[in-house]
Each structure stands twice: as C-alpha cells, then as structure tokens.
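For the sequence shown, our numbering gives the first residue as 285, with consecutive numbering after it.
Just to be clear, a hint being listed does not mean it is correct.
In silico DSSO-like links for lysine-lysine, alpha-carbon gap of 27 Å or less [claimed, not checked]:
| no. | residue 1 | residue 2 |
| --- | --- | --- |
| 1 | K515 | K501 |
| 2 | K362 | K395 |
| 3 | K387 | K371 |
| 4 | K515 | K542 |
| 5 | K688 | K515 |
| 6 | K511 | K542 |
| 7 | K683 | K661 |
| 8 | K542 | K395 |
| 9 | K286 | K688 |
Read the hints as simulated data drawn from the structure, not as lab findings.
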Amino acid sequence: MKVFLTEQIRNWDAYTIEREPIASVDLMNRAARVFTDWFAGLYTDTGQPVYILAGTGNNGGDGLAVARMLHERFYPVKVFVCDFAGKHSADFDKQVAALPPHKAVDLQWLKSAADFPEVPANALLIDALFGSGLSRPLEGDWAAVIDRINALPNEKVAIDLPSGLFADRFSPGPCVHATRTFSFERPKLAFFFSENNERVGEWAFGSIGLHPEYPDKTQTPFFFLTKPQIKTLFKPRPRFSHKGTFGHALLCNGSLGKIGAAVLAADACLRSGLGLLTLHTPHCGYEILQTRLPEAMCSIDASGTCWTNLPNLTPFSAIGAGCGIGHDVKTVQVLKRLLQTAQVPLVLDADALNLLAKHPAWFHFLPEGTILTPHPKEFERLFGPSANMFERNALQRAKAQELKVYIILKGAYSAIACPDGSCWFNSTGNPGMATGGSGDVLLGLLTGLLAQGYEPHSACLLGVWLHGRAGDLAAAEKSQAGMTAGDIVSKLGMAWQQLELDL
Numbered sequence: 285m286k287v288f289l290t291e292q293i294r295n296w297d298a299y300t301i302e303r304e305p306i307a308s309v310d311l312m313n314r315a316a317r318v319f320t321d322w323f324a325g326l327y328t329d330t331g332q333p334v335y336i337l338a339g340t341g342n343n344g345g346d347g348l349a350v351a352r353m354l355h356e357r358f359y360p361v362k363v364f365v366c367d368f369a370g371k372h373s374a375d376f377d378k379q380v381a382a383l384p385p386h387k388a389v390d391l392q393w394l395k396s397a398a399d400f401p402e403v404p405a406n407a408l409l410i411d412a413l414f415g416s417g418l419s420r421p422l423e424g425d426w427a428a429v430i431d432r433i434n435a436l437p438n439e440k441v442a443i444d445l446p447s448g449l450f451a452d453r454f455s456p457g458p459c460v461h462a463t464r465t466f467s468f469e470r471p472k473l474a475f476f477f478s479e480n481n482e483r484v485g486e487w488a489f490g491s492i493g494l495h496p497e498y499p500d501k502t503q504t505p506f507f508f509l510t511k512p513q514i515k516t517l518f519k520p521r522p523r524f525s526h527k528g529t530f531g532h533a534l535l536c537n538g539s540l541g542k543i544g545a546a547v548l549a550a551d552a553c554l555r556s557g558l559g560l561l562t563l564h565t566p567h568c569g570y571e572i573l574q575t576r577l578p579e580a581m582c583s584i585d586a587s588g589t590c591w592t593n594l595p596n597l598t599p600f601s602a603i604g605a606g607c608g609i610g611h612d613v614k615t616v617q618v619l620k621r622l623l624q625t626a627q628v629p630l631v632l633d634a635d636a637l638n639l640l641a642k643h644p645a646w647f648h649f650l651p652e653g654t655i656l657t658p659h660p661k662e663f664e665r666l667f668g669p670s671a672n673m674f675e676r677n678a679l680q681r682a683k684a685q686e687l688k689v690y691i692i693l694k695g696a697y698s699a700i701a702c703p704d705g706s707c708w709f710n711s712t713g714n715p716g717m718a719t720g721g722s723g724d725v726l727l728g729l730l731t732g733l734l735a736q737g738y739e740p741h742s743a744c745l746l747g748v749w750l751h752g753r754a755g756d757l758a759a760a761e762k763s764q765a766g767m768t769a770g771d772i773v774s775k776l777g778m779a780w781q782q783l784e785l786d787l
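Work out the full structure: start from the sequences and follow the hints.
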C-alpha cells in the first residue's frame, strides 16, 4: 500500500473533486461519515458525552460534520470552536450552517485559551483543531489549548491527525497526545516513528472513497506492508519437488556461551521452507546443535570457542552470519574473508554488524543485495546518530541506495529500505517480540528464503511480515510479556499455513 505525503493527499482530494465530480463539502461529509462509523463502533455507549474541540479550518469542518452525525445517533454532543483569529474556511462555515436547528447540538465559541471549558471526567474528547494543513508549530493560545487538552485524563480521539503533528516531517512544537487517531484514506508517515507514539496513540485508517486511479499515477518511496502485497510474493511448492529444489543455506552463528543464538536462527531457517541447512559451529556448539536440530548438518570450526575459518562455500545458495559470534580477532578476519569471497546472497546481523561498524572500509566488500538487519543502536553504530526519526529514515534510505543493500531497521513497523529508494513499513508484530533472540529468528528466516530463490526484495518483505505474524500468533497464545523468541519460531508454521489458506 502506498503511503503518500501531505501534498499528495491534498492533490488526491482535488483529483477526486474534479473527476467524480463531487463538491468539497460533500467529500468532507463522506470523510466524517467514515470517521463516525469507526468511532461509534468503538464507543458504543450513546449516553457518554462527547466534547469536540474544533478549529475553523477544514479539520474543524470535519469535527462539525462528525458532531451532526453523532447527534443523529443520539450521542450528547458539545462543540467548542476555537475561533482565535476570526478566519474560517468556506467548508467550515457550511458545516456550521448544516448543524441541526434549535441548538440541538450545543455549539460554543472560544475566543482565547482562557475560555477553555470544564470537561467532565466521563466525556470523550474529539480533537478537530488542526489537520495536515498545519505549516508551523503551534504557539500562544493554541499551545495553551494543547496543554489544557493533554492535562485532561479523558480519552482523546484525533480526526485524521493529532493537532500540532506534522504528517511527514519532524514536529518540534506542542501536540495533542491522542489515545487514538483515525486517518483518512491512508496512514500518515509520522505514524511509523517512535517519537510520535505518545501523540498518535493507537491508530487506524479507512477509505473515504478518494478516486481509485490516483494511486497508480502517483509515485512515492513509502509503502505500508500488508497481507495483499505479501500474497503476491508467495511461491507455491511444486508437487514434484525434492530437498534440492529449495536450496542449501549456510549459517555461521554462535560462540562459547552464545550457541543459543545459533539454535534459534537455525530453527527458523528450517521453518522457512528450506531444503538443506548446514551450520558452521565451533566445537562447543556441535553436540548442542546436532541434538537440538537433527534436520541440520554441521561443519565444525577449528576453534573450540568461536568462528575462525570458512568452509567450502560452493554448495550454498545463501549465507547468514553474525548472531552471537563475538569479537575475537580471528572472527574479525574470517568475517572479512566472507564478505570478500561470498558469491551468494548474504544476511548479516548482530556482531557481524558491530564488526562492520568498526571497519567501515568493509562496506565496499558487501555483495550487491546483501541484507543488513540492525536494531536502532546497531544502526547508529553503522551510520551515525540522527536528530530525529525522519532524519534517520532518510539516512537509512540513502545508505541502502549508496551501498546497493537492503537495510531492515527493526522495531515497531520495522522499516525495510531498498536499493531502489523505496521504504516499506511492516504491519505485523508486537512489543512481546522485544526479547533476546528475536533478531536471530529473523536472520534464519531471511537466509532460508534467499536460499530457496526468493529475490532479496521479496525475501525482505515476506520474511519481515512472517516474522511479525508469527510473533502475533505467539503473543495471542503466551501473552506479550510471557512469550520468548522460541515461541516466535514455533508459530512460523501457523503463519505460513494462514498465508497458504488465504491463497
């Protein structure tokens, strides 16, 4: 799903108004109806008071239309219009005129922040002050109103965007801290970055019927990765397949005290659909791996404790390395040799990334299409600090293009930056996956997909989505607090099964 910037969404509105055709106020009513349906589905107690704080622009017009529609559903609604500058949009004034007669909807006009109303503790607050048209940080009376809203304990629901938040750039000023946000047509780019989590809250989005031709004609580097996209990537298994059909992967992971990382990566690799797997391990890992994973073969390193030599790489169709390998001087040298000699797709994680960060000249050894899977601190070690998440995302996309690699920045809405400049934000996963070993599972899964012949782009999208989906299934059974990385591995089969059944 394409994620568009503010100006592109504005153009989509105009495109719809011109070609449908539809009046802008009628499109506003359509959007308000979608929001109202969503809101009423969540807050079903029609006796609960609803206080709507509206500006005098089009977001305020949305709020007035929502007030009218909630009134029609018998919610007790009060609207407080912050008319601080005396400037109204045309559609806002039309929505004022459309309110039911005889003051059925209580409408009050506030001339300054000092007029801010008393809000009962059981009221739901709807934020309709500012939408995506905001061009500068809020200050003065507006900032004071935001502070008053945020000080309230009530649930706060934002229409399209929390007031004060910029949709596609860093927001330095005051902003409503919404409990929930409902975005029109598509999610906003700002929703995917952790610095906005307390502002956006739980978010959802819904189509308001904008013209279906526009997305195909409009380019964007940003995408939201959902199941419909994943279904186009899935490769059915031919009936007359054999183990050689699905590739042979090599995993170089683990060292003394960290063989568990090798186990988790290998188990996930085996559950990727892979045909054959070889594990290169120091002597200390041999018995553990052979006992724990009888389906895998082992290549034994000359060292008893760490990775020091490469096996013959000829048989392998993909290689994954870095989980728990440590920083021994011999491990440093063998990783360098791997980067210089590998002729098949690579996945690098954990200590491999930390060693790469210490030897930036090695970036030039990375084979084209290599997949790097850093968490935020590893990303910072690799490429330096960023002032905010928007800058970090721009850096991530720039480095993926410069190095011709795939960079998966792990976290909520894991971001996959591709050499073609695109960036995909994942829709699956949950905070329970923030546990030791989760990244090892992802490395194994990605390596197995590459070994089967999935192109790196498809392997990244499919692997990250499946990893998150397995995490969601594990959380549903074990709880987010109670799940482990091993539980993610155990649910990979069910994640595959659900995808196959959908097809």
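We went through each hint and held it up to the structure:
1. K515 <-> K501: With Cα atoms ~23 Å apart, K515 and K501 stay inside 27 Å; holds.
2. K362 <-> K395: holds, 16 Å
3. K387 <-> K371: Roughly 23 Å separates the two Cα atoms, so the pair holds.
4. K515 <-> K542: Cα-Cα ~36 Å, so violated.
5. K688 <-> K515: holds, 26 Å
6. K511 <-> K542: violated, 34 Å
7. K683 <-> K661: holds, 16 Å
8. K542 <-> K395: violated, 64 Å
9. K286 <-> K688: Holds, because 22 Å separates the two Cα atoms, which is no more than 27 Å.
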